[in-house]
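Student: Chains as they are written, first to last, in our numbering: chain A, 1 to 243; chain B, 1001 to 1243; chain C, 2001 to 2243; chain D, 3001 to 3243; chain E, 4001 to 4243; chain F, 5001 to 5243; chain G, 6001 to 6243; chain H, 7001 to 7243.
No lab work stands behind these hints, which were simulated from the structure alone. Each statement offered as a hint is correct.
According to the in silico footprint, chain C covers these stretches of chain A (three or more CB under 8 Å from chain C): (1) 112–124; (2) 198–205.
A short list of chain C residues far from chain D (calculated; beta carbon distances all over 12 Å): (3) Tyr2008; (4) Ser2014; (5) Asn2016; (6) Glu2017; (7) Ile2062; (8) Lys2089; (9) Ile2090; (10) Glu2107; (11) Lys2108; (12) Gly2114.
The beta-carbon is built from N, C-alpha and C at its ideal position, and this holds for glycine as well.
These are the residues of each chain, in order.
There are 8 protein chains.
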Amino acid sequence: MKKILEDYKKGKISLNEVLEQIKMLPYKDLDFAKIDTHRHLRKGFSETILCKGKTTEQIVKIFQNLLREKHNIIATKANKDIYLAVKKKIPDAIYHKQANMITLVQEKIPPNKGKILVITAGTSDIPIAEEAVVTAEIMGNSVEKCYDVGVAGIHRLFDIKDKIFDANVIIVIAGMEGALASIVGGLTSKPVIAVPTSVGYGASFNGIAPLLTMLNSCAEGVVVVNIDNGFGAGYFAGLINRK
Amino acid sequence: MKKILEDYKKGKISLNEVLEQIKMLPYKDLDFAKIDTHRHLRKGFSETILCKGKTTEQIVKIFQNLLREKHNIIATKANKDIYLAVKKKIPDAIYHKQANMITLVQEKIPPNKGKILVITAGTSDIPIAEEAVVTAEIMGNSVEKCYDVGVAGIHRLFDIKDKIFDANVIIVIAGMEGALASIVGGLTSKPVIAVPTSVGYGASFNGIAPLLTMLNSCAEGVVVVNIDNGFGAGYFAGLINRK
Amino acid sequence: MKKILEDYKKGKISLNEVLEQIKMLPYKDLDFAKIDTHRHLRKGFSETILCKGKTTEQIVKIFQNLLREKHNIIATKANKDIYLAVKKKIPDAIYHKQANMITLVQEKIPPNKGKILVITAGTSDIPIAEEAVVTAEIMGNSVEKCYDVGVAGIHRLFDIKDKIFDANVIIVIAGMEGALASIVGGLTSKPVIAVPTSVGYGASFNGIAPLLTMLNSCAEGVVVVNIDNGFGAGYFAGLINRK
Amino acid sequence: MKKILEDYKKGKISLNEVLEQIKMLPYKDLDFAKIDTHRHLRKGFSETILCKGKTTEQIVKIFQNLLREKHNIIATKANKDIYLAVKKKIPDAIYHKQANMITLVQEKIPPNKGKILVITAGTSDIPIAEEAVVTAEIMGNSVEKCYDVGVAGIHRLFDIKDKIFDANVIIVIAGMEGALASIVGGLTSKPVIAVPTSVGYGASFNGIAPLLTMLNSCAEGVVVVNIDNGFGAGYFAGLINRK
Amino acid sequence: MKKILEDYKKGKISLNEVLEQIKMLPYKDLDFAKIDTHRHLRKGFSETILCKGKTTEQIVKIFQNLLREKHNIIATKANKDIYLAVKKKIPDAIYHKQANMITLVQEKIPPNKGKILVITAGTSDIPIAEEAVVTAEIMGNSVEKCYDVGVAGIHRLFDIKDKIFDANVIIVIAGMEGALASIVGGLTSKPVIAVPTSVGYGASFNGIAPLLTMLNSCAEGVVVVNIDNGFGAGYFAGLINRK
Amino acid sequence: MKKILEDYKKGKISLNEVLEQIKMLPYKDLDFAKIDTHRHLRKGFSETILCKGKTTEQIVKIFQNLLREKHNIIATKANKDIYLAVKKKIPDAIYHKQANMITLVQEKIPPNKGKILVITAGTSDIPIAEEAVVTAEIMGNSVEKCYDVGVAGIHRLFDIKDKIFDANVIIVIAGMEGALASIVGGLTSKPVIAVPTSVGYGASFNGIAPLLTMLNSCAEGVVVVNIDNGFGAGYFAGLINRK
Amino acid sequence: MKKILEDYKKGKISLNEVLEQIKMLPYKDLDFAKIDTHRHLRKGFSETILCKGKTTEQIVKIFQNLLREKHNIIATKANKDIYLAVKKKIPDAIYHKQANMITLVQEKIPPNKGKILVITAGTSDIPIAEEAVVTAEIMGNSVEKCYDVGVAGIHRLFDIKDKIFDANVIIVIAGMEGALASIVGGLTSKPVIAVPTSVGYGASFNGIAPLLTMLNSCAEGVVVVNIDNGFGAGYFAGLINRK
Amino acid sequence: MKKILEDYKKGKISLNEVLEQIKMLPYKDLDFAKIDTHRHLRKGFSETILCKGKTTEQIVKIFQNLLREKHNIIATKANKDIYLAVKKKIPDAIYHKQANMITLVQEKIPPNKGKILVITAGTSDIPIAEEAVVTAEIMGNSVEKCYDVGVAGIHRLFDIKDKIFDANVIIVIAGMEGALASIVGGLTSKPVIAVPTSVGYGASFNGIAPLLTMLNSCAEGVVVVNIDNGFGAGYFAGLINRK
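So that you can see chain A by itself, here it is in the shape it has in the complex (with noise of 0.2 Å):
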C-alpha cells in the first residue's frame, strides 16, 4: 500500500487508480482473507478438504488450486479410489490408509516441543484417532498414541500413568459410553480434547451417547468436537500445543 501511495504522490498512478485499490482492500489487501492466509502459513498447511460429499472431480480441482499456494495440504474422510485421483494429477500426495486421509507436505513444519497424547477407548476407534495423529504431525506436533485403553479394563489405563504425565495436551477418543474421557480428565491436570465416536451399536445412537457422556463430564478441563471428528481435535490440539 505505502508503495502505491508513494508512486501516486509521485504522479506515477492517478487519483482514481488509487481510490480503487482503496476499494479492493478490505476484500485483497488488509482484510479478514489477507489475516486468513497469514493464519494458514503459521498454522502449516493452508485449507483442509473434507471429502464427504464432494465429487471426486471436485476434490482434484480443489486439490490443484490449493497446490499453487504452497502450503501444506490435508483431505479428510477420503477412501482409495479419492485418492487415486488425486495422485494422478499429483504424485505427490500421501495415502493414510488408517486415517482415510490425503496429505501433501509441500513445507516441513518446525517441530513443536510439547507431547500431544492420542488415547482411544478401543481398537475400532483407531481410524478417527489416526486422523487427528496424522493433523497433529502435519501441524508440527510430536504425537504419541496408546490405542485400547478401555474403562473396561482400567488398570490398562493405570499402564500408561507416564505418558498422561508426559503429555501437554491429551486427545480421548472413545465411543460406546464414552466414559474414558471423564476418567482422564479427573486423572490429569492439562487440557483434555474428547472425540466422541460413531463406534457402537444399539443405545449409542451413532455417537449421541459419547457425545453426551463427553458433554456432561464432570470433570474439568475437558472440551468436546463433534462426532468422528479426529481431525478437528488433533487440530485443536496443535493450536494449544503450539503456544
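Given chain A, work out where chains B, C, D, E, F, G and H should sit, using these hints.
Tutor: Relative to the frame of chain A, chains B, C, D, E, F, G and H by itself:
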C-alpha cells in the same frame, strides 16, 4: 379338584356344579394370582405404591387396603404432606426424608448374608441412593453406602476398593455423564446395577445422558434401570442377593 | 514379592532392582489387572471381542493374543467371513451361525445348577437370543429356550408357565413394543433381564420403543441392557446364576 | 333449494336473487358446513372446547355461543376456576372433577346398546380415563370402568375377563410402559383404542414411552390416540360403538 | 368337557385321566387360546406373518404350519424372493406385488355390507395403501380406493366427496406432513384410521412428521397406527366395519 | 477518501496518517455497519428487543439507547411488569396485551398497498398471531385477521375464501398438528409464511409437531419460521409485501 | 348458471336437472379446482413431480398426463435412469445432472426483472442449490450463483458483497452448522430463504443441526424450508420475486 | 520407599511390615490421589461446587470442608439464599450476582500474561459469560468482555476486531442459533471455546440448537462445552492460557 370329582362321582354335587368349578380353574385355583400372593409373602412386602401422579387421598386408601395383608409396605416418591396424611391413619408408618419414602414394617424379614454396596457419583444423587437403600434394607439386606465417589477424582473410588471387593451386589447411582457405572463395572466381577439420575443440567437432558452411558457400558456385568429408579435397583439387588 | 524382599535382604538383588519391582507393583502384581485376570479365570473366559467396527485383520490378531491365556474366548457380532479368517489360524474355533458368534473353548467350566430361561417375543429376535444362550452356556450354565412367545397371543406364554417357575434367571428378548418383559416380570419373582431388539419398523425406531418400554416396566425385578445386547444379558445372567 | 327454484319459476323471486342464493350454496346450504351441523346433531354435541391455551374469558364466550345451537357441549382440560366462571353465566353446566371437564346437557341422546369398557393400568391414569368416560356417556353410550388393572400383577387383568368379553369396544389407558394395550389386544377380538398417558417418570418422557409401545403393539386391532387424549378415545369409541 | 365328566361318572375313564384333561383345560379347551382360535375363525384368517426380520426359511416353515388350520393366511412386508420360496411349497399362494404381501385363501369369508374407503395423499403411499386393501378384502370387506388425493390441491379431495360420504370406515394414508388425515377427519363423521408413511425426505424423519401430525389431529374421530402399518389399518377397519 | 488522498498529495497529511485511515476503512467508512444503519432507516424501525431472558433493567436501558435513533421500536415476549418499567421512562410506549409486545412509534411509515392476511387455526394461537399483526402494522402494512379457522371444520376456511384471494401475503399460525398451513398453501398462489405454535399437549411436544408438519408441507409456496415466532413472520411478510 | 336457470324457467329443462346442476356447482364450476388451474397457468408450470418414492413407471405416466396441459413440467430428486425412461417417451425432456432434475419447457415464461441470488456454504451443497436454480429459472427468474462461500473464511462472503446488495431475493443453502443464513440475514435487508442440507456428519444429524440453526436465526428476515428442499426455496423465491 | 527398604535390610522393620507398606503403595503413597492434590495446588483452587441439586445444608458443609485446604473455592449455579447461608459461616465469601457464583479467595494466584476474551451473542447470555469470567479471573487470568456482539448485526463483531486479535484464548457464548462461534472461529487463529446457552425459545430446545451448531462448526479451532457451562469454558481457557 380330585375331591370335587370324587364328590361328583358320588353324586354329592351335580354336573353343572363341576363344570362351573372347572370354568373357574384357570383364574382361581391354578392361576398366577395365587402364585403372585406367594411371591409377595416370600419377598417380604405386598406391594409398592408409586406416589407420583396419585392424590393423597388415593395413597392413604391404598395404604389402608394393603395394611390388612400384614406384609411390609413401601411408598416411593412421597413428600412430607403425603406422609402426614398417611400417619394420621397409620401411626406406625415411618418417613424417610432423604429417600422420599414411607415404610411400614409389619413383619421382620430374616437378614441376608450378602452385602449390597450403594455408590453415588455425587451428593445430589443421594435421594435416589437412599431410595435403593431403604428398599433393600426392608427386604432384609445388609447395605453399605459410599456417597460422592465421583469420576472427577478417581482416587476417591480407590479409597473404597475394599468395600467393592466385599460386596455381593453393587448399585451405582450417577447423574451428569454417569461414567462411574462403567468404571466400577470394569473393577469388579460382581453384578452392577446402574441407576441414571436426572441430576445435572444442559446436555444431561434430565438423565438421558447417564442413561445412554450406562446402557452402552463397555464393562461386562452392568444392567440398567429407569432414570431415578432407586427403588427398582434396590429391589433387584435384593432379589439377586437373596439367592 | 516376599521372595524379592528376601533376596534383597540376602543381597542377591540391589536396592534399585527392588525399587524397580515395586514401581511395577500397582500395575503388575497387586493391582486391578491381577484381580482382572482372576476374575476372568473364575468366570471361564478371558475377554470378549465385539467384532463390529473392527477389521478382520484386527480380530484375528486379538484372537491369537487371547489364545495364550488358555481361557475360553468369545467374539460377538461376527459374520461368516470373519469366522473363516479366524478358523484359518485357529482351527478349533466354532461358528454359531444364528448367534453371529465365534467361540473357542480351551477349558471346561464346571456346570451351574440353576437354570437360565431365554424367552423371545418373536422369531426375528432369535439371533439376539442365541447370543445370550451361547454366552451363558460357555460360562457353564444350563439354558432353556422358548422362542416366539409373543404378547399378541398371551396363551403361548402360559404354555411355558412351568419353565418360568423352574428358571433361576429369565432373559426376555423382544423388539417392536417389548411388552413381554413387563408381563414376564409380573408373573415371576425371579430376576428378569430384558433385552430390547432392533426388530420392528416405523415407530419402533430401531429398538428405542422396546428399550423405553422395558426401562419403564411397572413390574418389579426387571433390569435392562443395551439394544441387541444378547451377550450382555447372557453374561449378567451367568453372573447372578452362579452365586 | 327446490322451493327457491319453484318460486323463481312462478316469478316470486328474480333471477338475480336465485343466483345470489346459488353463490351462497357451497358454503351455506349444500356444503360441508351443513353436513358438519348434521354430524353434530347425530352425535349429540356441537363442539368440544379444549380449554388448555385459552383464557377463561374466551372459554366462557365460546360456551355462550355454542349454547344457542341447543346441542350438548363439553369442555376438556378445564380446572375448577374455569368452571366457576362458566357456571356464573350458564348455571346448568356440570363440573367433572376427576375428568377436568365441564359439560352441559341440552338434549338427551338415545342410549347405545353396545358396551364400552375403559381400563386403566394404574390409579394415576384415572383423570384421562374419566375424560373418556364422560365423553362416551354424553354420546349416549353405556360405559364400564376397570381401573388399576396393571401389568405388574397380570391376574388383576384376568379377574375382569368377563367384562372384556362383554364389551363392544375397549379403551386401554396406560402410562409408564403402556404394555397393557398389547396384552388386552392379544386377549380380545374387539377393537382396542389405546391412550398413552404422561404418567410416569424418568424414561417415560411424559408419555413418549407408552406412545411408542402402543404404536408398535404386535397385537392386531389396536389403534392409538394422542398422549393424554382421553376425550379422543371416548369420542372414537362412541363413533364405532354406535354403528 | 361335559362328555368327559359323564364318561368318568360311568366309569369309562379314570379319575387320573379326568385330572389330566382338566390340567390341560386352561391352555387347550377353555382358555384364551381357544378364544384366540375362535377369534381367528370369525375374522377369516389364522395368523399374520410379518416377514421383516425373519429368514426366508423361517417364513416358509411358519406358512406350512399355519396351512393345517385351514384359515386364510397373510404375510406382510414380503419381497418377491420370499414369495417364490413360499410358492414352491404352497403353489396356491398369491403375491400382491404393490402391497408386498403373500396371501393364501383357504376359506371364503362372507362379504361385509359396509364400504371401506382407502385414500392416499400421494402416489408413493400406494404400497402401504395396498397392504391395507389386501388385508381388508381378505377379511370379506368391500374396499374402494382413491389414491393421490393430496392436500396440495385440495380440489382433488372434493372430487371424491361422494365416496367419503358413502364409506363406513375411512383409512387415510399419508407421508410427508400427513395433513390429509385431519382434513378428511374434519369433513366426515365416519371413523378415520390414519396411517403415517415413511414417504418424504429431510424433516419428515422417516414418518415421524406425519405420525405427530396425525396424533395431534384437531379433528375428532381420528385414530393412528404405526408408521407404514397398512396391515394394522386394514385389519382395524375390518374389525369395526364388521359389527 | 478522495479528499484524504488529495491532502496527502498536497503534503497536508503524512503517509502514515493515510495508511492509518486506510486501515480503518473496512470497518468505519465502507463497511456493512453503515449499510446496516441504512437498512434500518429504510424498514422503519431500528432494532427489536426480545425480552425473554433479559432483566427488566436491561430492557429499559436498551429501550433508552434505541430511543435516540428516532426510529420505531418494538419489544417482543414482554409481560405487563416489563411494560410498566419501560413506561416509567418512556411514557409514549404502548403495550399490546394480546401480543405481549411494547411498541414506540417515533416515525410514521408510509402505508403499503398490498394486504397481509393473518389466519390462526385456533383461539389459543392468537397471542402469536397478534405478535405478527403488530409487527407488520408498525412496518406500514395493512393487515387482515381471521382467527380460529381450524382444520377440524374446513368450511370455516371456505368462509374466508375471498380474503385469501385478496391477500398479497398470508401468515398461517397453528399449533397442535399444524395442517392448516398446507391447506392454505394448496388453495392459494400467494406466498404463505407458516408459524408453528407451542399450543397443544401430548405429542405436539411444544410445537415440534406443527413445525415438522409445516416443514414437510407438500403444498408449494410455504416457508416456515421458528415455533411461536410471530414477530419473524410479521417482519418477513412486511419485507415481501413492500416490494 | 344464468342460462340454466333461464332454460329452466322457459321449461327447457326440468327442476330435477337444475338441482343436479346446482349440486355439482361447488366442485365443478365455482370451486377451487378451477382456481387451481388458473394458478398454474399464471406461474408457468402445471405440477411438480417428486420422484423419490415413486416407481419409474409411475413417473413416466404422470409426466405423460401433465404433458397435455401444455405447461412446463419439473421433476425433482430424479436420477439418470428415471430420466432415460422419461426421455424415451418425451424426447424433449432435459436432464439437469447436478440438480437431479428433469424439466420440460412447453411455454416460455416472460422474464422477471428482479435477481435471485443463490449462495451455498460448501461445495457439497451444490446439488440442492442447483435444484433451486433450475426451479427459479424455469419460472422466468434471472438467477446468480455464488457457491462455497463458507463461514470458516468469512472474507469469501465479503467478496460477493455487491451481488448480495444487487439481489432481490437471496437463497442461502448450507449443511453442517448452517450459520451462513444468519450472517447473510444480518448483512442484508432482502428476504432470505434458508435451506438446510443433509451435508455433514456426526452431530449434524442429516440436516437437523442446520435446520435448527436456521429456525433460530437471530437475524430478521430469514425463513426456512425443509432439509434438502432446494425446489421449495427456488419456488418461493420465484413467487416473491414476481410481484 | 528407599528408606523403608534400607530399614528392612538393617532389620529395623520386619518383612511383614514392608509387605504391608507395599500393599498400600498404589493407593496411598504413589497413587493418583496425591497427584490430584498437587494438581489442585498448581491450579489455584481445590474443588468446585455445583450447587444445582444439592441442599443448602450440604453446600455449606462442603464449603467448610474445603476451607481447611487453604485454596480458593468456587461454587456455581448458586442463588442468593445459598450465598446468605454460606456467608453466615464463612463471612469472607463473595457473591457474584450476575454469575450466580460464590467465591472465596484464600490465596492469590500469580497473574497470567495472555488475555482471555469472552464474547456473548446477546444480553441474555451474560450470566453464563460472567460464570466464565469469574472462573478465569480467580485462576489468575486477565479477562476482557464483549457482550451482545450478535450475528444479526455483524458489524458489531467487526468493531471488536482488535480485541479478537489481541486475545490469547476466546470464549464465545451464544444461545438461539449459536452461529457466532463459527464466525469468530473463521476470523481468528486463536483457540475458540464455544458455550451454547439455553437462551432462546421454540426450536432452540433449551440449548440443543446452539449446541449442534457449535459442534458442527465448519471453522477449525472451535471446541464445545456443555450447555450453560460457563464455568467449564472459563476453566479450560485458564488451563490453556497458562502454558
